[in-house]
Amino acid sequence: MPRPATYALLLALLLSGCATYSLVEPKRTPIGDLYTVEPQIPWSAAKSGKYEIWTVDGRLLQQLQFVNGLEDGEPMFKGNEQYKKQVFRKSMPASDIMELVVDGLASDGAQKLATRNLKPAPFGGQPGFRFEANFVTKDGLEYEGLVVGAIIKDKLYLIKYTGTRAHYHPKHKEHVERLIESIRMQ
Amino acid sequence: MKPVAPAAALIVVFLACASCAAPKSSPDALPDIKPGQRPSLQSDEAGLWMQMDRVEAGLRTSGQIVADARLNAYVREVVCRLAGPYCADIRIYIVETPYFNASMAPNGTMQVWTGLLLRAQNEAQLAYVLGHEIGHFQRRHSLQIWRDIRSKSDSLVFFRVLTAAAGAGFVGDLAQLAALASIYAFSRDNEREADDVGFELIAKAGYNPHEAARIWEGLLKEQAASPKGKPSIFFATHPSTEERIATLKTRAQQATAGGQPVTVGKERLLAAVHPFRSLLLRDELRRREFAETQALLDRLFENGAGLGELHRLRAKQGDEQKAVAAYDKALEFDDAPVDVHRALGLLLSRAGDKAKARSAYERYLQLKPDAEDREMVRSYLRQLE
Chain S
1 MPRPATYALL LALLLSGCAT YSLVEPKRTP IGDLYTVEPQ IPWSAAKSGK YEIWTVDGRL
61 LQQLQFVNGL EDGEPMFKGN EQYKKQVFRK SMPASDIMEL VVDGLASDGA QKLATRNLKP
121 APFGGQPGFR FEANFVTKDG LEYEGLVVGA IIKDKLYLIK YTGTRAHYHP KHKEHVERLI
181 ESIRMQ
Chain B
1001 MKPVAPAAAL IVVFLACASC AAPKSSPDAL PDIKPGQRPS LQSDEAGLWM QMDRVEAGLR
1061 TSGQIVADAR LNAYVREVVC RLAGPYCADI RIYIVETPYF NASMAPNGTM QVWTGLLLRA
1121 QNEAQLAYVL GHEIGHFQRR HSLQIWRDIR SKSDSLVFFR VLTAAAGAGF VGDLAQLAAL
1181 ASIYAFSRDN EREADDVGFE LIAKAGYNPH EAARIWEGLL KEQAASPKGK PSIFFATHPS
1241 TEERIATLKT RAQQATAGGQ PVTVGKERLL AAVHPFRSLL LRDELRRREF AETQALLDRL
1301 FENGAGLGEL HRLRAKQGDE QKAVAAYDKA LEFDDAPVDV HRALGLLLSR AGDKAKARSA
1361 YERYLQLKPD AEDREMVRSY LRQLE
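Sequences listed follow chains S and B, in order.
Just so you know, the working numbering puts the end of the first sequence at 186, numbered straight through with nothing missing.
Just so you know, the working numbering puts the end of the second sequence at 1385, numbered straight through with nothing missing.
So that you can see chain S by itself, here it is in the shape it has in the complex (with noise of 0.2 Å):
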């Protein structure tokens, strides 16, 4: 069974009954506090404190996670002990938190992980990084991912976008970009 970065977080969610799924209909929508995105098409959306994860076709094919404001020393994801230890520093340059997100993928499971393009990117005019990712779950299924994030006042943003990579992640990669350069600063 595929097992993505934020299963673990799912679960909390789930466990919590706090992961009611709820429309995102294709118009100007905040996330957080601190910008806004206009998605192309609707979403289903379950959100959780600084977490939101989006996904059209199910989570396990497809799903775009916005990690919202993690502060220094904050894990980068919750769920379990592992988690714990990956710990998000103001300091950190984009190729530490590159490391942190993949250290992530990797509690939850994923394997040959592999990084590409990291490179400098606006995060709704804000200077921002990004970066693409493949890996193979544990029963072999393989994974896209494409991450882009910014450090803005000490707090980290992040959007980060998985899915197979045959079908599920392409299906909706092309909104994913659009969506991205969409963040426009509340």
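Heads up, none of these hints are tricks.
Quick list of in silico lysine-lysine cross-link-like pairs, DSSO-like style, CA-CA up to 30 Å:
no., chain 1, residue 1, chain 2, residue 2
1, S, Lys85, B, Lys1322
2, S, Lys171, S, Lys112
3, S, Lys119, B, Lys1368
4, S, Lys171, S, Lys119
5, B, Lys1316, S, Lys78
6, B, Lys1221, S, Lys84
Honestly, the hints are just simulated from the structure, not real lab data.
Put chain B on the given structure of chain S with help from the hints.
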């Protein structure tokens, strides 16, 4: 998603290598399996094998398998040197996971975890662990555990834990596996028997039997360094490490009393594993069990390899300076990875040493002009202006 039952069954067998079953001296002991032998179709053993065959089919396509032909051929060569006529009955799967372990299913499925390959300092040490697993196979310990479990009144508890463990993934959540192992912690005699077989096999194959104790001594150092102080899964159901070391040392002295030449095979193991050392170290560091990893690195590398990464990741007070010192030392060696320059640049930049940081970044780009992250590194350089 894999069916729960076969996955669960394999977990039983994983732990069979670390537990249970009557020792050969016991009246319940089974006769050894013969080379090429398959169980009678009407037997419960055939049912167990059938489940293992199904699980093995899933293992073949698992994302955790290290498929490299040369590494697999090397491990197979060592196994066959030990197993002799049983060689054709054993199928080896190298599993990418940073923990020290190996396991043997009754149908001949052997798992060798990469944490073992990282920790073995020579071929004799690797051979000893593999010989131990071959001992479980020859003695049919898995079948014995299977029968023991079914006859136990606590089977309900067992299956509850088993189901939970199976649901945690193929190899299983480590905490769940440890919980499962603890149920059978009483059965260490069987482990001693597998130890005996492993020892006999390496001695017969001409390996230096003193290496058997040395791999445990290394693991003991890691265990002692751990702030948690908990034994690993492998230790949980095995005889105590101290007891094992003492027994193996005594046996090694007896075995080498005649002064016959023996093989350690350090170069052979390093030649096979070296191309994967970076990968294995990265997996090990991802555990973020820094005290244990430091004990491991101290044991494995005289040149301080990996220490820079360890200090950079740990990022406690004083670690940045230690990381810089470790990277500087690493760069004294010709085979230092190019990425060390970038890592050094990041640390020096954070420490405010702009000139040296710039020099490190420029060296990285010079040595790796097509680096995937060249644009990012150029942006780091611009930030230093």
